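**Student:** The residues making up each chain are set out below.
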Amino acid sequence: MTQVLTKYDKYVTAFQSLERSQAAREPQWVRDIRQRALSRFSELGFPTARRGNENWKYTNVGPVANANFEYAFGASRDGEKAIELRGIAPWGQDWVNLVFLNGRYSEVLSTKPSSAYAARVTNLADAFLRDGEVLEKHLARHATFDDDGFTALNTSFLRDGAFIHIPEGESVQAPIHLIFIATGSDRPSASHPRTLIVTGKHSKATIIESYIALSPAPYFNNAVTEIVVGDQAQIEHYRLLLDNTEAFHIGTSQVYQGQDSKFTSTIFAKGAALGRNNIHVLLDAPGSSCVLNGLYMTSGTQHMDNYINIDHAKPHAFSRLNYKGILDGKSRAVFGGIVVVRPGAIKTDARQSDKNLLLSRDAEVNSKPSLLIFADDVKCGHGATAGHIDGDSIFYMRSRGLDIDTASRLLIYGFAREIIDTVQVEPLRVYLEKLFLGALPSFKLLFGERA
Amino acid sequence: MTQSNAVTTKKVISRTSGIQESDYRWGFVTDVEADVAPKGLNEDIVRLISHKKGEPQWMLEWRLKAYRHWLKLNAEEPKWANIHYPAIDYQDIHYYSAPVSKAGPQSMDAVDPELVEAFNKLGIPLQEQKRLAGVAVDAVFDSVSVATTYQETLEKQGIIFCSMSEAIKKHPELVRKYLGSVVPYSDNFFATLNSAVFSDGSFAYIPPGVRCPIELMTYFRINQADSGQFERTLIIADKGSYVSYLEGCTAPMRKSHQLHAAVVELIALDNAEIKYSTLQNWYPGDKEGKGGVYNFVTKRGKALGKSSKISWTQVETGSAITWKYPSVILQGDNSVGEFYSVALVNHYQQADTGTKMTHIGKNTRSTIVAKGISAGHGNNTYRGLVKIMPSADNARNFTQCDSLLIGDKCGAHTVPYIEVRNPTASMAHEATTSKVNDDQLFYLQQRGIAFDEANYMIINGFCRGIFKELPFEFAMEASQLLRVSLEGTVG
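Those sequence lines, one after another, are chains F and E.
In terms of our numbering, the first sequence is residues 1 to 451.
In terms of our numbering, the second sequence is residues 1 to 491.
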């Protein structure tokens, strides 16, 4: 234990200074959670031992554990006003924007809704003081830190983030956009943004999380989002990982679903030297359903890891998972999908699919879509594919007069389109399509050609 | 050779009584005088086994190397599989048990009549006149091979089919070249243990261009209580040859668990084909999960030559725990690997089984079809790895895993690992899990077929694709086994 503490000294020091500065302002229960999380983190550490650790079999977080990140929360905020959001993030006329710079709420950049707005949308530091009741009930209750070092670390630095509460029966039309910006500094910095979304019965909302970097400097983003989907509620959730190529991004979403609730998640991942996207969905009531879509593009030496756990705890629940990856350069994509059907969860309908397109000889895919089923009356399936686009399709298009570059790009675009098309928010879909086409390498899919 | 300090004792094993399990008709115990090594594992035991077998020095050294490596593993078994069992006391096992015989049976008549009777009961006649038509059998009883039939017929074609101990003595050059070349002694915990203490097994060598005219078969039988069976099989198919090999296994019903840790190595050279079929029917334990065999087996084939082919077919109905991953290393260009499996668990049985296909050569192809059936409190896991190395241009893989659940206390799990490092490769994995289809049941019942019978028909149909890969007699037996194993669970 002492050894471990020494190893994570820098985090402990940062924690202590946080405790001193916040002591007077925050409720005791928040401080208790932080304290417990830190001691748990000291025990768990980072999941660096990959041997026997199935969840991290193909991803080495050694670079994160060994790097000397500075806690960026108090970083200078000069030039905050100069940031032009419209240029760097998707933008909608009527969206509600909450902006966080290195994990800290920025009043200047955000557009909080008016008091007539149906939902409560604010930053966590504010919510600690005013929404204690809801927070105490949900915060750190869903994303538990018992067995996950990164969540424990995030919780140790639970200080600011976003809080969204949609009351019972309310339908919020305009999307709520949470923008997490890493400003970048000379020294690598770490931030631990936290989001709590609680939605009441029969409510409806669309929430977008964007992670953006302003400079190419390395940083470590350790984000945790907890989402409680109330009975019959319908929540659409988007998560855009647009970090720079030097960044480490570990993102965890923990979703709890009530009866007959619907949850749709779409992930778009383009950035990060090392990215990990954890999604845990607990279908804890009959009739609940979730659809998880994902599109990841990697190039260079990027490493993208998607780890999706869908827990069918109750009967009559439905889940669909559809992830697609496009890999270029020496990049590597990891997919770990787990569907658990607990005893008694009959009439479960679950499918997961992970499809990968390899554009380069040096790219690598590691896919592990698993099913753990303890009930008999279920329909479960999964599929995984990896490969390239076949030569016949290219040939067909070339024979129709398209040059090989265009034909290749068109086919890759067609592959990705399935996911982009699921985006319901028009400005976001347009933005993603542009972003995707911009990132699409000029490419000749020659592998499939017949000699 | 250093003389071992350990000695074996001779004793007559008496019939165990008091266990009633009508479903398992292979559960009898045979009274034979056995030569048993004392319980426990140490260097002396390893030396004793080697000495008993009259092995050359290099073999002993190989065993000792494995044993010393095993010690380093600190009795820490691999923990990643989805199986649960109390810790095994490796010092509480007889590592060597052999029916007492004079100098090894010279002819069939010299084989202990009790043994012949035992194999007769198992449906494996060893006598000349009663032999299975078209199948050469190597019968392994506890630790040693007791008889091999049709040896002379095979010899005429240059085919070597004998026990491993005989091969070590008569064909050391082949054994030395290939033993451990596919499954090295340091491969995994159980393979290491096997390398140190393996007692016997079968050896087959098919010379270039020869198509083995009859099926080769090894029948394994554990008889001795508290003994472990550690056999080692090595099959080499030289250029352009073909062999079909069958393996069957049973054990008596005992209240305690028995350990079976075998290693099978297959080597296929250019254009050779090996077809390996297993009907695994070790004692599965009783309805409360007491007793039964722990089947921790390492099976691997190396498709070494160009256009070679290795095909595994297994029907796993027995064993309290099955931990088994028959794999193929597709090294030669254009080589083919296949894996067809039916794994059934009932009562408290657990199975964690699957395959590993490692694509190294160009244009290599692999097919995996795994069917899992879970009933009672059984837990069935398919765990497979498809690995496509950067060198494996145009590699192809197709994987299909289907699970069938009968009852709501059992579990069916699918854990495929896919590692692709070549963009020209294409691989596809599909898996489904469901119960017996109500509409199909209804249709059959409506046609006047009883509920139970309808269920069997559907389950049989579910496995049909695998059964047709088996040689005819085996397929019939597999179908019977399935029925017996599921008795009383359907409906």
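For the record, the hints were derived by calculation from the structure and aren't laboratory data.
Note that the structure is predicted; figures quoted are calculated from it, not measured.
Among the hints, erroneous ones may be present.
Computed far set for chain F versus chain E, every beta-carbon distance over 10 Å [unchecked claim]:
(1) G52
(2) A67
(3) G132
(4) A174
(5) N356
(6) S370
(7) T385
(8) S393
(9) V425
Chain F side only, calculated, beta carbon under 8 Å to chain E, not exhaustive [stated by the list, open to error]:
(10) L44
(11) T48
(12) L358
(13) V365
(14) N366
Yeah, the Cβ is synthetic: ideal placement off N, Cα and C, and Gly gets one too.
**Student:** Taking the hints in turn, state whether each one holds.
**Tutor:** Status of the hints after comparison with the structure:
1. With a least beta-carbon separation of about 6 Å from chain E, F/G52 fails to lie farther than 10 Å from that chain, contradicting its non-interface assignment.
2. F/A67, annotated as away from the interface, keeps every beta carbon of chain E farther than 10 Å; the closest lies near 27 Å.
3. Separation of F/G132 from chain E is adequate, the least Cβ-Cβ distance of about 42 Å exceeding the 10 Å criterion.
4. Every CB of chain E lies more than 10 Å from the CB of F/A174, the least distance being 41 Å, so the non-interface label holds.
5. With a least beta-carbon separation of about 7 Å from chain E, F/N356 fails to lie farther than 10 Å from that chain, contradicting its non-interface assignment.
6. Its closest Cβ contact with chain E, about 4 Å, brings F/S370 to no more than 10 Å, contrary to its assignment away from the interface.
7. Interface exclusion of F/T385 from chain E breaks down, the closest Cβ pair being 5 Å apart, not more than 10 Å.
8. The claim that F/S393 is not at the interface with chain E holds, since no C-beta of that chain comes within 10 Å of its own (minimum 13 Å).
9. Distance check for F/V425 against chain E: the nearest CB is about 33 Å away, which clears 10 Å, and the non-interface claim stands.
10. Here the hint on F/L44 is broken, as its CB sits about 19 Å from the closest CB of chain E, past 8 Å.
11. Nearest Cβ of chain E to the Cβ of F/T48: about 18 Å, over the 8 Å cut. The hint is violated.
12. About 4 Å separates the beta-carbon of F/L358 from the nearest beta-carbon of chain E, less than 8 Å, and the hint is met.
13. Given hint, F/V365 at the interface with chain E, holds; its Cβ is 4 Å from that chain's nearest Cβ, closer than 8 Å.
14. Residue-level restraint check for F/N366 holds (minimum Cβ-Cβ distance to chain E is 5 Å; threshold 8 Å).
Comparing the model with each numbered hint stated earlier shows that hints 1, 5, 6, 7, 10, 11 do not hold.
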